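S.K.: For reference, the chains in residue letters:
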Amino acid sequence: MKKLVIYFAMCSFLLLFSACKQEIAVLKVNDPAPDFSLIDMKGKTRTLSELKGKVVFINFWATWCPPCIKELPSMQSLYNKLKGEDFEMLALLNNDTMDKAFTFANRNGIDIPILDDSQNKVGIKYSLTGLPETYIIDKQGIVGEKFIGPAEWDSPENIKMIQKYIDQE
Amino acid sequence: MEVMRKWVQVIFFFLTNGYWNFPVTKAIYKGPLKVVCSPGLNCYSCPAATTYCPIGALQQLFTGVRMSIETGQLYIGLYVIGSMGVIGGFVGRMVCGWACPFGLFQELLHKIPSPKFNIWPFLRYFKYGLLIFMVILLPLFAIDEFGTGDPWFCKYFCPAGTLEAGIPMIFLQPALRANLGWIFSLKVFILVFFIIWAVFASRPFCRTSCPLGAFYALFSRVKLVKLGLDHNNCNHCGACHDVCPMGVRFNESPDDMECISCMSCTKVCKRDAIRLEIGGLSVSGQQKEPKSNPI
Chain A
1 MKKLVIYFAM CSFLLLFSAC KQEIAVLKVN DPAPDFSLID MKGKTRTLSE LKGKVVFINF
61 WATWCPPCIK ELPSMQSLYN KLKGEDFEML ALLNNDTMDK AFTFANRNGI DIPILDDSQN
121 KVGIKYSLTG LPETYIIDKQ GIVGEKFIGP AEWDSPENIK MIQKYIDQE
Chain B
1 MEVMRKWVQV IFFFLTNGYW NFPVTKAIYK GPLKVVCSPG LNCYSCPAAT TYCPIGALQQ
61 LFTGVRMSIE TGQLYIGLYV IGSMGVIGGF VGRMVCGWAC PFGLFQELLH KIPSPKFNIW
121 PFLRYFKYGL LIFMVILLPL FAIDEFGTGD PWFCKYFCPA GTLEAGIPMI FLQPALRANL
181 GWIFSLKVFI LVFFIIWAVF ASRPFCRTSC PLGAFYALFS RVKLVKLGLD HNNCNHCGAC
241 HDVCPMGVRF NESPDDMECI SCMSCTKVCK RDAIRLEIGG LSVSGQQKEP KSNPI
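So the protein lines, in turn, are chains A and B.
Every letter in the first sequence is one number past the one before it in the numbering used here, and letter 64, counting from 1, is 64.
Every letter in the second sequence is one number past the one before it in the numbering used here, and letter 251, counting from 1, is 251.
Since the hints were derived computationally from the structure, they do not count as laboratory data.
Quick caveat: nothing in here was measured; it's all calculated off a predicted structure.
Backbone N, C-alpha and C fix where the C-beta goes; we use that ideal spot for every residue, glycine too.
It cannot be assumed that every hint is accurate.
[Unchecked claim] Facing chain B, according to a computed beta carbon distance under 8 Å, are these residues of chain A, among others:
id, residue
1, T103
2, N120
3, F147
Based on the sequences and whatever the hints tell you, model everything.
M.R.: Structure (structure tokens):
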């Protein structure tokens, strides 16, 4: 019996240590936004560093995440309102398949650029807490705001907050 | 055996909650182990959780089943149901007694000195309603304008999720507090309700409201590892009734769907009539004597 307990204990500690191998750097406001290159639904590569000079709204989402899809219409509305300004919106699909995102976007009239982060590589760089999670990157490529959880993105307060970043030089 | 069981419970707690970097990362573990199904009710969003909760995963898959089928994918929960089926077929509700962190939590609460009460037996059927409606039917059929459902049990009920994920996460990530509303208040109320109930009654959540326990209970007659009753030795003294944490009268219903094979009854049975069996073969106590054929 004792041997069995020792065997179980060894297994649990092995798992514990292997689990602890996850990256631990936490991305905070005022940190430089980690760069990435991802492919969108049209097969075009989008690179964050190429968008310097624009305010970039990065949202991590998945079709299996109910709060994510509930905030998408307000993101679409914000995207429409700020079109033509120094503003770019990127929806990074996390731990999901692009086929599902494509179906969802078509069905719900979403034309925000959706990028493929199905392998969670960028998600790890941004030390995601969960989904949805949103970052506002300023024109210099610095994280200006970090939002954990869903929001009403087309509310006057949020539009004002993003406009403040667009108006900065 | 009780000490051994406690050890196994603690070890399973660490096996399924082995990520202790979370105070630094302030995030949920999403590493390679997260594809493994936890045998017990252990929330995916618990910051330390290394595995996923089968009940949560099942609802999540059901909520998006239409979109999966529409895109020609078969993410309809077969892997999760298969994992649950394998665990259920081998040990059934033994998981509740030996491997569920929320079961361990309730057992520890019940050790707090207080008057102890039984639970009205009819309440056991409530968990089957939760399994059918909140885990299966509502996530599948109560869909919104986007064609997806909600994980009803996780969202509106699960006290294990509130304890292991909801409360720790709002401490780790103060920004999340802005999203708290009536649903969180409801879930805290349910958690507090079960905490208080667990002090006065044994394992109230397992007995009345756990949909995973309800699923495993379906295997009570066919599981490989179970407690068996030797009818020749049993004199129906009723000693097993008082010690059962699940309110089972073992000598009256040895295949009871509530039995979690914790083996408390084997300890008090003076006639060695209750034994742990694997595939019908006794592995504790003396071997059953073969029934002699009447001449």
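S.K.: Indicate, hint by hint, whether the structure satisfies it.
M.R.: Hint check results:
1. The interface hint given for T103(A) is met, as the beta carbon of that residue sits about 5 Å from the closest beta carbon of chain B, less than 8 Å.
2. Against a cut-off of 8 Å between C-beta atoms, the interface hint on N120(A) holds, since the closest Cβ of chain B lies about 7 Å away.
3. With its C-beta approaching chain B no nearer than about 7 Å, F147(A) sits inside the 8 Å limit, and its interface hint holds.
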